[in-house]
Every structure is written in C-alpha cells, then in structure tokens.
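A.B. asks: Model the full structure from these sequences, guided by the hints.
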Amino acid sequence: MTATTSSSAATATPAPLTDATRDEASLRRFLHGLPGVDQVGVEQRAAGLGTRSIKKAAKLWAIDTAISMVDLTTLEGADTQGKVRALAAKAKRPDPERPDTPQVAAVCVYPDMVETAVEALRGTGIHVASVATGFPAGRTSREIKLADTKIAVDAGAAEIDMVIDRGAFLQGRYLAVFEEIQAIKAACGSAHLKVILETGELATYDNVRRASWLALLAGGDFIKTSTGKVSPAATLPVTHVMLQAVHDWFAQTGELRGVKPAGGIRTTKDAIKYLVAVHEVAGEQWLTPDLFRFGASSLLNDLLLQRRTQADGHYSGPDYVTVD
Amino acid sequence: MGIFEYAPAPESRDLANLKPHYRPFVNGEFVDGSGEPLKTINPATEEVLAEVGTASVSDVDTAVKAARKAYTGVWSKMPGSERAKYLFRIARLIQERSRELAVLESLDNGKPIKESRDSDVPTAAAHFFYHAGWADKLDYAGYGPNPRPLGVAGQVIPWNFPLLMLAWKIAPALATGNTVVLKPAETTPLTALVFAEICQQAELPPGVVNILPGAGDIGAALVGHGDVNKVAFTGSTDVGKAIQRQVAGTSKKLTLELGGKAANIVFDDAALDQAVEGIVNGIFFNQGHVCCAGSRLLVQESIAEELLEKLRYRVSTLRLGDPLDKNTDIGAINSAEQLAKIKGLVESGDAEGAQRWTSPCPVPERGFFFAPTVFSDVQQSMRIAREEIFGPVLSVLTFRTPDEAVTKANNTPYGLSAGIWTEKGSRILWMANQLRAGVVWANTFNRFDPAAPFGGYQESGFGREGGRAGLEAYLDV
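Protein chains in written order, with the working numbering: chain A, 1 to 324; chain B, 1001 to 1477.
Just to be clear, a hint being listed does not mean it is correct.
[Said to hold, decoys possible] Once the Cα atoms are required to be at most 16 Å apart in a straight line, the calculated EDC-like pairs of lysine to aspartate or glutamate come out as:
1. K56/A to E1005/B
2. K92/A to D324/A
3. K1424/B to D206/A
4. K56/A to D312/A
5. K150/A to E115/A
6. K83/A to D112/A
7. K55/A to E1005/B
8. K83/A to D324/A
9. K1065/B to E1029/B
10. K83/A to E119/A
11. K1341/B to E1387/B
12. K59/A to E1005/B
[To be verified] A short, non-exhaustive set of chain A residues, derived as facing chain B with CB atoms under 10 Å:
13. Q39
14. G41
15. S53
16. I54
17. K55
18. A62
19. E201
20. T235
21. L236
22. V241
23. H247
24. W249
25. H279
26. G283
27. E284
[Claimed, not checked] Far from chain A by the CB rule (all over 12 Å, computed), these chain B residues:
28. E1100
29. E1197
30. P1402
31. N1433
Please keep in mind that the hints were generated in silico from the structure rather than gathered at the bench. Given the structure is predicted, the values throughout are model-derived calculations rather than measurements. Every residue, glycine too, gets a C-beta built ideally from N, C-alpha and C.
C.D. replies: Here you go:
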C-alpha cells in the first residue's frame, strides 16, 4: 500500500463517499439514498428567512459583502473587447466617486474574451472567470469541452464555470456526468471549477440535491445554480438546498466548497435574502467571496445605488451609477 | 454573535395602546369587578404592564345573568344571517386592529411578534370569518334541521394563545346562538379586554359576550354556576379533571382541551432538512407553550445521530430575545412560575440520565427566558418523556420499526397530536390510522385552520373545536 494524498483535498474523503463513485450502480444508489427534499417545507423556510431585519449598519455590511461577492458577468453573443474592458473597469472601481467601495470578486466572460479580461484586470486581484464546456447548452463533444476549458485556462482564467450534461443527468447516467466533471476539473489545473447545475432544467429539488452531491463528489469547488439563459434561474429555495449540500459536505469531509446562485438576482433586497440564507443555512464561515458568489450583471448597480442611499440618506437614481 | 449582525427591528410598543387600568366586561360595559386587582407583567422585562380589575364570585353571577338575559331576549331569537353580520364585523375589526392586538399580545404573553402578527391574530380573525359563514347554515351542518343552541357558555382559556383561544371559544359559541362568559388566564388578560372593546365597536348586543379576568377561583365559580349550560375549557389536565368532577352529574355539556406529549416521528426516508424544520417548528414555536407541541421526537435509530447533528446546528441558529423584535424566533417564558416548572423538569432529565444539549444562544439577563434545549438518550420511563414540559425542551427517543414507532407514540396518557415524517405515502396513511391523536400531521407540524377540527384523546381531553365537528359542542343535538 502506498499512501496517496489528493492535491485539492485537505482531508481524506470518507470511505462511503469514495465507494459512492465506484461504478454506475453504486453512484445511483448513493444519490438516490440522499434524503429527499420536501417542496412545501423548503419553500416555507426560504420565505421565512426572507423576513430578517437588515437595516443601517447591518445593511451596509451586507451591501459591501454582496459587492465583494459579485461575479460581474457579460455573456452575450454580441460581446466585444470594448464591452469586456468596460466591465473590467467597472469591476475595479464599481463606484468611481466612492473609492471605499469594495471591488467585485471576478469578471465572468466567454473563453474568447478571457485574454482581454486578464489584460484589463492585471494586478487588481480580481479573478477572471470563464464559462467553458460549450456554454450554455453544453451540447457538444467531450473533446470540445476539454479544449474550451483549456483555452480559457491557458488564456489566464482563474475560474472555470462549466455546465453539466443535463441530458445525461435526467437519463440517469450519473457516472457520465461525474466523469465529465472530473475530466474538466483535471483540465482546470489550478483554476477553480464552478459546476453549473442548470437547476431550472433539473426541475425538482431532489434532482438539485443529487446534482449538487454529484458535483461535489467529482471535485467541483463551487456549485452554481444556472447559466442565466434558462428560466427559472436562481431561486431562494434552490439555493437553500445547495447551501445545505455544502454544509453537509463539510460535516462529512471537512472540506469547504462554495455556492453561486446566478441569474435573476437583480436587487439589493434579493441579494440580502441570499446572504441571510448563507448565514443561517450553510453557516457564517460561508460569508466570504471564497465560498459564495453572485452571478449577476445588473445586481451591482442596485447594490451601488443602495450603498449611496445608506450613506447619503436619500436615493440618487440610476443616472448616478455607471452603465457599462 | 457573529460577523453578520442583524439590525434590531422592534415593533413600537405604543401600537399596543396600553392603558394603566383594565376592567372586566359585563353586559356590554366595562365595570369595576369586586375581586382583588391583579398586575399583569411583561415576561420579557418583568415590568408591570397594567393593573387589571378582576371579578369576584358575585360578579360571576351578574355576568351569567346578563348572558342569560341576552340569550333569551335577543341572541337565540336572532336569525342566523343577522348573527353572521356581527361575527363578520368582529372579524374585520380584529383585522383592522391587528397590529395593536399583535403588539399587546407579545407584550403580555412574551411570544415573538412574528408569531403574534403572522399567526395568532390572523388565525383569530379567520375563526370569526369561518364561523360567521356557519351562522345561517346550521340546518346543513349535519345535525338535523334547526339545531338549537345550548344557552350560556362558560369558557375558561389558557395563557399560551390568549386571543386565539378566545376566538376558538367565542366564535363557534356565538355562531350557534349561545351567549358567553369567558375567563381569560390570570397572566394574559389584556387582549381579551381589547376584544371586549371590539364587541362594543361591533355593537354586539349587551350581555352576549362577557369577560371576567380572575384567577382559578373565578374559573371554578363560572364552571360551577347553576345557570351555565355549557362549559368549555382549555388548559392543564389537572384543572380539566377538576372541572370534569365539578360538572359531573349536572346537565352541562363539557368539552376539554388539555395537555399533550405529542410524538413527532421521523423515518429514515424522510426529507431530513425539512423534518428538522418541522421538529423545530413543532417544539420551539411559541417557546413550546403549545398543547399539541411535538415534544417527543421519535427518530428511527438508523438516522438518529445524523438527524441530531442537523437538529443541534439548526437549533443553535434560533434567535432568542426581545419578543417585539421581528428577528426573534423564541421569546420569553410566560411567567416565573412556568420557568421554574421547566427548570424542574429539565433537572429531572439530568438526574435520570438523559443527555442535555442547550443552544449556545445568548440569553437576556432580565425577563423569563429559557434557551432551547434538546435531550437525547431519553427513555420512555423518564419524566421528560412522559410529562408535559410546556417549554422549549425536546426529548429525543429512538425506534427501530414502524410498529415500535406506533407503540411508543401511543404509549402516553395524552393524545392530542402527532407528526409523521416519511416520503412513503402508504406509510403515512397506515400510521395515521394507528396513532391515537386528534390531529396527525404528515411532513408538516403545527398547522391550524378553522375548518380543521382539533381535540384530543384520553388525558388530552374530549370534544372538538373547529370545523363542522366543532359546532356540535355548542348545539343541542
């Protein structure tokens, strides 16, 4: 016997989890053996937590924390280098008139825009994230997905957002999904891997939980709700289920993995509800950009406006923040 | 506390329109009772809220006479459709004054504002709306044509849901044509007296509703009064037994809704995270001051450890403190006496060898508070498994098979409610038929609706409140 250590895992994965991925049958047994999710219950809890009172100091803290967790995103067919550079500038100085505004966590672009983004963000500490693997449908061959990932990583992306094969998942071919995530993780090298479950297409909370565990088992550093191209995208109850999954994963393995809701989170009020969920469902240690992100394009401006409102005592209006 | 401090969000206590003095309500007027005035206190701060005049035994007689006069002279003769109008009016007034009532209830009782505001007061209004609907349809309630009211109802209610229990008692009584003399609990009389104001606002005929604050002796005098036709009591089993003895041999109709030691049964295939929510809601709702609280957790041995770990984490996130703060999940214990009782039972749990775990949440220095507590390694023979604690204390037992779960769940002198957590529908139906409890919730807990009958088996009492079945208790059928 030779002792092996995994480079990414700080703690050895517990035996039941390594057994879970031995073959198709054991993986299916494991995923279907996870506790179910009761729809009424999870939606009730999500609604209940949404009523916490976050005002004044608490709100300012939440706004700044949320800003620091934003993955500022542009994922349009019409993206250009100019657009990406504008976004990078916004990421560096979200509110030019208020230099105490925190920077965002990352800028998220298509693989062909990584180089531009890396160039524009050099020396800022802001990560470049890239959606690879045939985003957003993922309907392409393994070779292309790997190549897509490699291109993004080689161009300097520190974070890769991959989409899982929902077709294979819904067919019950869990091992195929698992192996693909593992392969992409390997292709990422030192880059962090965020696994997009596209929860709107998985349809049930049970599926969301299974897909979350599948992604965690395969080595995903983050589990992410959506591409933003499918409706519904992120919802609070879905995020609750995913936060519960990383909490449970930590309890079993001692490893901290992150969660990223993406798509449809547009207002400060919404973002704060997510932070309350992070705080109370996963736990306080997840309240960091290392373990929680917002995938959003329009959220940032609302956060900035609300930040100004808190400081100035009045609402200044959308013309006082930049449109990029 | 941690890095994410929520902002305090206390409701303004001014909304409660708290007055320095409150008086009994007899024959449509607030009157000076001839009992010793009592001081009602805020259990969260121990400060005196108000002085409340109480009734004496002679006032009970005056109130019953007023109720009798209103019954024979007006209320029993009034067409159901007219009675319905009064009930609808009361329901709307409860809604209009809902914030006032919610704040007052939280001040007087100690329950969190989010519960008084989102649960107690809306459900109280719903009971009046629901029963208003029945008032002109009693012929179709299934008790034969033209069912008759009983007469004067003497009602005694507890301190855990002061306004809601009042609604459960008064709404069906009035809808069916009875008149009422009600005694609220000694420690929580205030919302009942604001309800009396609402009766005045609704221009309810004098004497239809009478409210007599006072202690147990007034309750006993009311229950024993010769001209009371119907007695309804919600409270402790001991008092319930005394009432039953007192009423025995008379023609009075009686319903009792007493204590409970409900089993919340979690199978290994349950949706665990939601089961944890249900357990928390089952025992920590209203500080555990709920007669149907899920105070005995029966968990399948194969998942006991995992579930307990999840449960402890979840309970540690509950926020205890100022009842008027909307962030508060657990408020104050209603009285020093109740707090002492909880402490005594918890000590017996320690002494009998159960494993006590207490949430590390901060506990205010003033006021009556008790941190949420979970006992594991509890055996059926321990006091904490058998006696009603009526506080935020959960006893966790285990079982191996569905049959054992049924046996253990039913192995109690009580039988008010039960909860089943499983993803297997057939098991839910099988269990629900086996469990001796008035309400069985499946994959949820503590859900109430005026249309759903509520009541118990064995020492949890008899008779039903709510729904069509609840009307029977106030009709001569």
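A.B. asks: When the nearest CB of chain B is found for T235/A, is that gap smaller than 10 Å?
C.D. replies: violated, 16 Å
A.B. asks: Is the shortest C-beta separation between G283/A and chain B less than 10 Å?
C.D. replies: holds, 8 Å
A.B. asks: Take the C-alpha atoms of K83/A and D112/A, compute the straight-line distance between them, and say whether it is at most 16 Å.
C.D. replies: Between K83/A and D112/A the Cα gap is close to 13 Å, so the pair holds against 16 Å.
A.B. asks: Checking one constraint from the list: CA of K92/A to CA of D324/A, max 16 Å. Satisfied?
C.D. replies: OK: K92/A and D324/A at ~13 Å, within 16 Å.
A.B. asks: Would you settle whether the hint for H279/A is holds or violated, based on the nearest Cβ-Cβ distance to chain B being less than 10 Å?
C.D. replies: holds, 5 Å
A.B. asks: Quickly compare the C-alpha distance for K1341/B and E1387/B to 16 Å and report which way the hint goes.
C.D. replies: Roughly 11 Å between the alpha carbons, so the hint for K1341/B and E1387/B holds.
A.B. asks: Taking 10 Å as the limit, does the beta-carbon of H247/A come near enough to a beta-carbon in chain B?
C.D. replies: Because about 8 Å separates H247/A from the closest Cβ in chain B, which is inside the 10 Å limit, the hint holds.
A.B. asks: Would you mind confirming whether the straight-line C-alpha gap from K59/A to E1005/B stays at or under 16 Å?
C.D. replies: Since the Cα atoms of K59/A and E1005/B sit roughly 9 Å apart, the hinted pair holds (cutoff 16 Å).
A.B. asks: At a threshold of 10 Å, is the proposed contact between E201/A and chain B supported by beta-carbon distances?
C.D. replies: violated, 22 Å
A.B. asks: At a threshold of 10 Å, is the proposed contact between A62/A and chain B supported by beta-carbon distances?
C.D. replies: At 7 Å from the nearest chain B Cβ, A62/A passes the 10 Å test, so the hint holds.
A.B. asks: Quick one, is the W249/A hint okay against chain B at 10 Å, beta carbons?
C.D. replies: violated, 13 Å
A.B. asks: Next pair to validate is K150/A with E115/A; report whether the Cα-Cα distance is within 16 Å.
C.D. replies: Holds. K150/A to E115/A sits at ~13 Å (cutoff 16 Å).
Going down the numbered hints, you'll see the structure goes against 19, 20, 21, 24, while the others check out.
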